[in-house]
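With this note's numbering applied, the sequence shown covers 43 to 188.
Hints are not guaranteed to be accurate.
[What the hints assert, rightly or not] Subject to a maximum C-alpha distance of 30 Å in a straight line, what follows is the list of computed DSBU-like cross-link-like pairs (lysine-lysine):
(1) K62 to K158
(2) K78 to K158
(3) K62 to K77
(4) K77 to K158
(5) K78 to K62
The hints are simulated quantities; they were obtained by calculation from the structure and are not laboratory data.
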Amino acid sequence: MLGSDIWMCFIFYSTLLILKMYIIAIITGQVRLRKKAFANPEDAERHGGIQFCRTDPYVERCLRSHRNDMENIFPFFFLGAVYSMTGPSSAVARIHFVVFFLGRVFHSVAYLLALKAPTRSFAYVIAQVPCFSMAIQILIHVASFA
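Put together the whole structure using the sequences plus the hints.
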């Protein structure tokens, strides 16, 4: 199974999603430095004083983007892994993984750049379609065993 095309495709896109999450974390840190808005007093003291232990709207936006990634990418890992084990078509599985990945990238860009509504919502829905599809296909596959 580990050498299958479907599994390797899933691992590839899952790894890209993890890297994307790391990038969002790095962006958040850089925005904190640029805006001088630190979550912890010791960090604020190191970068100018306790007055910089504060919130900033754009730092909060970055954090919400990262939180949204965790709320959506972690379930994808489960669904994609289980879906990969159900013997789907290689081409169909690839489409599921690519659409989810692109939807999440688009969602992050829309979130971080505060693009006009409903851009972010559209990206969210696009990424949810393959997850919903995989969940349904998993349930159909395992229903005969239940």
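Here's how the hints hold up against the structure:
{"no.": "1", "hint": "K62 to K158", "in the structure": "22 Å, holds"}
{"no.": "2", "hint": "K78 to K158", "in the structure": "27 Å, holds"}
{"no.": "3", "hint": "K62 to K77", "in the structure": "22 Å, holds"}
{"no.": "4", "hint": "K77 to K158", "in the structure": "23 Å, holds"}
{"no.": "5", "hint": "K78 to K62", "in the structure": "24 Å, holds"}
Of the numbered hints stated above, none is contradicted by the structure.
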